[in-house]
Amino acid sequence: MSDVVEKTLTALPSLLSLDSHPGSAKLSSTSKLGNLIRGITELTSKHEEEKLIHHELLGIKEQVSSPNTTMMKELMVRSIYCEMLGYEASFSYIHAIKLAQQGTVLEKRVGYLAVSLFLNESHELLLLLVNTVLKDLQSTNLIEVCMALTVVSQMFPKDMIPAILPLVEEKLNHPKEIIRRKAVLALYKFYLIAPNQVQHIHNKFRKALCDKDPGVMTASLHIYLQMIQENPEAYKDLTPSFVTILKQVVGGKLPMDFNYHTVPAPWLQIQLLRILSLLGKNDQSTSEVMYEVLDESLQRAEMNHNITYAILYECVKCIYTIHPKSDLLEKAAKCIGNFVLSPKINLKYLGKRQRETRLYINNVSLLKI
0 MSDVVEKTLT ALPSLLSLDS HPGSAKLSST SKLGNLIRGI TELTSKHEEE KLIHHELLGI
60 KEQVSSPNTT MMKELMVRSI YCEMLGYEAS FSYIHAIKLA QQGTVLEKRV GYLAVSLFLN
120 ESHELLLLLV NTVLKDLQST NLIEVCMALT VVSQMFPKDM IPAILPLVEE KLNHPKEIIR
180 RKAVLALYKF YLIAPNQVQH IHNKFRKALC DKDPGVMTAS LHIYLQMIQE NPEAYKDLTP
240 SFVTILKQVV GGKLPMDFNY HTVPAPWLQI QLLRILSLLG KNDQSTSEVM YEVLDESLQR
300 AEMNHNITYA ILYECVKCIY TIHPKSDLLE KAAKCIGNFV LSPKINLKYL GKRQRETRLY
360 INNVSLLKI
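Residue numbering for the sequence shown follows numbering that gives the first Met the number 0, beginning at 0 and increasing consecutively.
No wet-lab data here; the hints were simulated from the structure.
It cannot be assumed that every hint is accurate.
To be verified - Pairs of lysine-lysine, DSBU-like flavour, derived with a Cα cap of 35 Å:
(1) K211 <-> K157
(2) K252 <-> K280
(3) K343 <-> K330
(4) K235 <-> K157
(5) K157 <-> K206
(6) K134 <-> K206
(7) K316 <-> K351
(8) K203 <-> K316
(9) K246 <-> K134
(10) K235 <-> K343
(11) K280 <-> K235
(12) K280 <-> K351
(13) K60 <-> K157
(14) K175 <-> K252
(15) K252 <-> K330
(16) K203 <-> K252
(17) K347 <-> K324
(18) K50 <-> K60
(19) K246 <-> K175
Let the hints inform the model, and build the full structure from the sequences given.
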């Protein structure tokens, strides 16, 4: 058996948080899931797996249907595992909703998790969860509010958005950063599935962009990237704000938690570069605002790790997309040359893609002339 499976089995008691049960119940519930995982890893054919899972699901169905069941949380975890393997456990869907509605905080957490994995936005049972979400959004318990916002940002009936939108808007002013961040992500989800219903709160998106917490600000960029793709002209005035944020990121002003292999917030840099490329395209005055930070990004992103290659790629792509500046184009061309001459196949391919992009943009520019 692999080390990964062994480590997973060792961690099961803590993952399931079974300390609230007596010792015998803890061992029993953990061993059942552990035995299931061990049994599956030791099988040699698909037929044997199907037989084992069928037997497991029958046992779970019998237990969840019993009015005296005290291990609903653990049964849901086992149902989740079976569904992850591709076997339907539809009998447990309603029980997952009940667990999210009536359980303790920990049971609600498992219930919400199961619902988010079992159901999709169009599933009819999801309507039964709307009142629970409304109640939890108004809860004084931060964990319950977080769980509700998480489910809302992942899946929620489009027709029911007006019922919870005011509550989600309120959470943008919550004193806790994690609540504000999850509220922004929920609104991003609403914008994707029903953009007309959040048009009136664009000013609140701007407030989130200027939030003192980097996590909230980062979450707001998802919305802005989407909106700027659709209508860049409407957000040209925010270019200095995006440039300032990128300068702070490149300069290492964000907390160390955002670093990846000593690279400051790389995914945030990539997203900002994509936004700047959209704003500066065919616009000289807007492009001039971002020249300095693009130069700094090129200099600081050394070719020493895969994530810095991604930053360099987006930076070069941005430089060739916005209104051109000769010295920046030379530095970008040098970067492409380093990619092409690299002994790594992936970097050679990256350099080839960038060179093709450069040639395409040059041809388009000549045609305009």
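Hints and how they fare:
1. K211 <-> K157: Given pair K211, K157 holds - Cα atoms ~31 Å apart, limit 35 Å.
2. K252 <-> K280: Given that 35 Å is the threshold and the Cα spacing comes to 28 Å, the pair holds.
3. K343 <-> K330: Status holds; Cα separation ~21 Å.
4. K235 <-> K157: holds (30 Å)
5. K157 <-> K206: holds (25 Å)
6. K134 <-> K206: holds (26 Å)
7. K316 <-> K351: Within the cut-off at roughly 12 Å; holds.
8. K203 <-> K316: OK: K203 and K316 at ~31 Å, within 35 Å.
9. K246 <-> K134: Violated. K246 to K134 sits at ~41 Å, over the 35 Å cutoff.
10. K235 <-> K343: Violated, because 38 Å separates the two Cα atoms, which is more than 35 Å.
11. K280 <-> K235: Holds, at roughly 11 Å.
12. K280 <-> K351: With a Cα-Cα distance of about 22 Å, the restraint between K280 and K351 holds, given a limit of 35 Å.
13. K60 <-> K157: holds (31 Å)
14. K175 <-> K252: Holds - the C-alpha atoms of K252 and K175 are around 21 Å apart, at most 35 Å.
15. K252 <-> K330: Satisfied, since the Cα-Cα distance of roughly 25 Å is no more than 35 Å.
16. K203 <-> K252: holds (24 Å)
17. K347 <-> K324: holds (25 Å)
18. K50 <-> K60: Holds, because 15 Å separates the two Cα atoms, which is no more than 35 Å.
19. K246 <-> K175: Within the cut-off at roughly 26 Å; holds.
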